[in-house]
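Engineer: Protein sequences appear in the order of chains A and B. Just so we're aligned, residue 0 is where the first sequence starts under numbering that gives the first Met the number 0, counting upward by one. Just so we're aligned, residue 0 is where the second sequence starts under numbering that gives the first Met the number 0, counting upward by one.
The set of hints was computed from the structure by calculation and includes no laboratory data. A hint or two may mislead.
Simulated pairs of lysine-lysine, DSS-like, Cα-Cα distance not exceeding 30 angstroms [stated by the list, open to error]:
#: 1; chain 1: B; residue 1: Lys42; chain 2: A; residue 2: Lys69
#: 2; chain 1: A; residue 1: Lys85; chain 2: A; residue 2: Lys144
#: 3; chain 1: B; residue 1: Lys42; chain 2: A; residue 2: Lys85
Here chain B is said to cover these stretches of chain A; the calculated rule only asks that three of the stretch's residues, wherever they fall, bring their Cβ under 8 angstroms from a Cβ of chain B [stated by the list, open to error]:
#: 4; segment: 46-57
#: 5; segment: 75-82
Short derived list, chain A residues pointing at chain B, Cβ under 7 angstroms [said to hold, decoys possible]:
#: 6; residue: Tyr91
#: 7; residue: Thr126
#: 8; residue: Val128
The beta-carbon is built from N, C-alpha and C at its ideal position, and this holds for glycine as well.
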Amino acid sequence: MNEENYDFSKVEEKLRFEFESVSEQLVVRKVIEYQLINEGLELYNLAFVDILEDDSLSDLSVTNNRDMPKVLATVYRSMLIFFERKPTARIYIKGSTPSRTRLYQIAISKYLEEFQEKFRILGFLGTDVLPFEKGTNYDSFIVVKI
Amino acid sequence: MKTQDKKNMLSNKQKAENNKHTDVLTQKHDDAKAFIAKVDIKKLETALRQN
Chain A
0 MNEENYDFSK VEEKLRFEFE SVSEQLVVRK VIEYQLINEG LELYNLAFVD ILEDDSLSDL
60 SVTNNRDMPK VLATVYRSML IFFERKPTAR IYIKGSTPSR TRLYQIAISK YLEEFQEKFR
120 ILGFLGTDVL PFEKGTNYDS FIVVKI
Chain B
0 MKTQDKKNML SNKQKAENNK HTDVLTQKHD DAKAFIAKVD IKKLETALRQ N
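Using the sequences plus the hints, can you model the full thing?
Structural biologist: Below you can see the structure in the form of structure tokens.
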């Protein structure tokens, strides 16, 4: 994924990343946070939210900043940094809405060959976990570093 | 208002904002944790180990 991406303004020990999505009309602060959700599996949840003007967080706001590839490339870069720090960990990803999960799926499918050089992707259908395949609509995903 | 009072107000505001952030993120992480708790962990472990 060689898309242009944003610089992080902050990288903290608790695996929280912040950056700004910038357009001529709008600047939106965004947070990516990785939180351990299952110690035995070393599984971390990826939460991705916007910081609104009143400084509250939202996982449902629609930015319309026309920079989705750049934003997704930034999320991807945060994953690379995450795995540099925690190479044996796994990341659980689910969009805040079905359409956002679908957006992640489209991005994974688009760059699947490149992803699979570094990662193994699993998809959840209900509570069943399967190897990721293009054309299947998964409910959520797990990324494992190879 | 004394400078210290202003500092305390700012500090309290910052704490409230941090709490707001924590609530939303905590909920998202808790939702994910609750989902994984429903999954057959043995099957998931096997899937994670496969090359």
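Engineer: If a hint holds in the structure, say so; if it doesn't, say that too.
Structural biologist: Taking the hints in turn, this is what the structure says about them:
1. Under the criterion of a C-alpha separation no larger than 30 angstroms, the hint pairing Lys42 of chain B with Lys69 of chain A is inconsistent with the structure, at around 35 angstroms.
2. Between Lys85 of chain A and Lys144 of chain A the CA atoms are separated by roughly 9 angstroms; this keeps the pair inside 30 angstroms, and the hint holds.
3. Under the criterion of a C-alpha separation no larger than 30 angstroms, the hint pairing Lys42 of chain B with Lys85 of chain A is consistent with the structure, at around 23 angstroms.
4. With 7 residues carrying a beta carbon less than 8 angstroms from a beta carbon of chain B, the segment 46-57 of chain A meets the three-residue requirement, and the given coverage holds.
5. Residue count for the segment 75-82 of chain A with a Cβ under 8 angstroms from a Cβ of chain B: 0. That is fewer than the three needed, and the coverage hint is violated.
6. Here the hint on Tyr91 of chain A is kept, as its CB sits about 6 angstroms from the closest CB of chain B, short of 7 angstroms.
7. Interface restraint check for Thr126 of chain A: the shortest CB-CB distance to chain B comes to about 5 angstroms, inside 7 angstroms, so the restraint holds.
8. Interface hint at Val128 of chain A: satisfied, since its Cβ lies 5 angstroms from the closest Cβ of chain B, which is below the 7 angstroms cut-off.
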